[in-house]
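As they're listed, the protein sequences go chains A and B.
Residue numbers for the first sequence follow our numbering, so the first one is 15 and each next one is one higher.
Residue numbers for the second sequence follow our numbering, so the first one is 15 and each next one is one higher.
Don't read these hints as lab results, they were simulated from the structure.
Predicted, not measured: the structure shown is a model, and the values here were computed from it.
Copies of one chain are not kept apart here, so a pair can be met inside one copy or by any two copies together.
Subject to a maximum C-alpha distance of 25 Å in a straight line, what follows is the list of computed SDA-like cross-link-like pairs (lysine to any residue): (1) K128 / G63; (2) K128 / R86; (3) K168 / G217; (4) K168 / F101; (5) K168 / R202; (6) K168 / D102; (7) K168 / R199; (8) K168 / D110; (9) K122 / A80; (10) K168 / V105.
2 protein chains.
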Amino acid sequence: MALTVVGSIAFDAVRTPFGERERMLGGAAVHFSLAASFFTEVRPVGPVGDDFGGEQFELLEARGIATEDIERVAGGQSFFWRGHYDFDLNVAHTDDTQLGVFGEFEPKLSDAAKSADTLFLANIQPDLQRQVRAQCPAGFSGLDSMNLWIETAKDSLTAAIEEVDCLVVNDAEIRMLTGESNLARAARAVMEMGPQAVVAKRGEYGAALFTGTGAEDQSFFALPGFPLEDVRDPTGAGDSFAGGFFGYLDGSGGDLDEANLRRAMGYGTVLASFNVEEFGTERVSRLQREEIDERFEALRGMTQFEGVPAPRG
Amino acid sequence: MALTVVGSIAFDAVRTPFGERERMLGGAAVHFSLAASFFTEVRPVGPVGDDFGGEQFELLEARGIATEDIERVAGGQSFFWRGHYDFDLNVAHTDDTQLGVFGEFEPKLSDAAKSADTLFLANIQPDLQRQVRAQCPAGFSGLDSMNLWIETAKDSLTAAIEEVDCLVVNDAEIRMLTGESNLARAARAVMEMGPQAVVAKRGEYGAALFTGTGAEDQSFFALPGFPLEDVRDPTGAGDSFAGGFFGYLDGSGGDLDEANLRRAMGYGTVLASFNVEEFGTERVSRLQREEIDERFEALRGMTQFEGVPAPRG
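Looking at chain A on its own, in the form it has when it is part of the complex (with noise of 0.2 Å):
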């Protein structure tokens, strides 16, 4: 099984109260192909500058990344983004964004990338998604975004919805995106607009899965944030998430039941877990498999009800 991503390739300055870097690897598509190079080929898509070398390269096919989808383009810069958080982590506060050759990229997919059996659509200009996706016809496809394309390409926005077989974004824009404040009315309107799994991502309290919009198939499923003392920068978390959750299911064979959807979710919390421990790719990039499974391991320990008598009032 293979996965295409299309997503920001970047680098990233960042300041949270435990310290700061001034510019490190980072970017959506960066996030999501290494918490997904666990479980699968990961092949990511899209424009960088000159200032991206051998040094990123390496970072990511150490990780065993097909890195042929990245297209160098001579004389320009890569996206850059900086933002800094205060005491709440949950809130990142972008103080600057330039899109650099990001703002002239036309998606050129190669023959690898096009056959892939997996398709994610990270946050980007939802036009570029639909192009993406109009040239990869995987049979299983996800997408992200963010309150900027809803406030200012909502149409597009949804063409590229429409064409896709799961959401995965923050539970505030699936309640901005739909209009509706509650979270499962908001999901089932987004069902209803083409996708059969939504995913709300909802930071430190984890994320929940909505399949199904009638009274005989629809489910829910839940899990926490895996509980860290050491939260050092969030950047990437959602991605990382992302990543892991559809690593797994491309990596066990696309097997889309239930069953399969809540084990992606968890290897998609642990992976969000450890991106956190550390700036940008620091943690990820040196992870080993044996402390992802140690991890899942934990986290379900953590979600069990065990056997429940009935109580004696």
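Starting from the known structure of chain A, fit chain B onto it as the hints suggest.
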């Protein structure tokens, strides 16, 4: 087993996007008692005014709640709260609070109230909580509080927390109380004050349970809020959660092992979910035990992984 709870016994005026009520039975001790009444013998302690009459007593007594420790103050007015909720039902806006007879309240527990096995100190002025605790040496005790007391009576609140076994508050209040933004660290800081367990209430995101502080004994469990398409009035959800949690623990014989605490989290979640389906006490006052058990099983189904084979990737 028997449970004593002290807290507001009140009339509420509430407006939400789904309707409004001008004067309905409410208050923390009322919501708590109704929820707990499905599991054990519960006895609310607190003052009411002349305006609290037969209709209110009958509603409580119909659920088997012992009302002898509800003190009717001649010439007094019951506690009154007026509030509203907008699009985001997680945020309560307080428009008016009138302490009424609570302003002069000096708790004098009956022998029956004093001899309870379990004590819950719902959110009131922490000096009052301590006065009640001094009269009731119950083997298991819990406490709720709010930002107001953290800001205005922190020393007294700290002393009250030191005297109980389990703190049950909103996660923002755990952070505020400890000055620690990381919830896992904040919960540990609370346990170092005295309590052996901390329950963080998280609104629609559910609740998390922290126990133990050492590498060997620390444990974490979290449940999402039960997903509902119709939430009409969130007032009292947290008190209903606490009532289900402590009521189940008391009714099941006071067994405080991890598995029983987790089941109690489940019952708390279920009772809170029924509470918010309609205004005030409307839903819980006509709830049936079978509905609770059915929803508990549904909740369990929403939080279980099934057998997890190794992924192929």
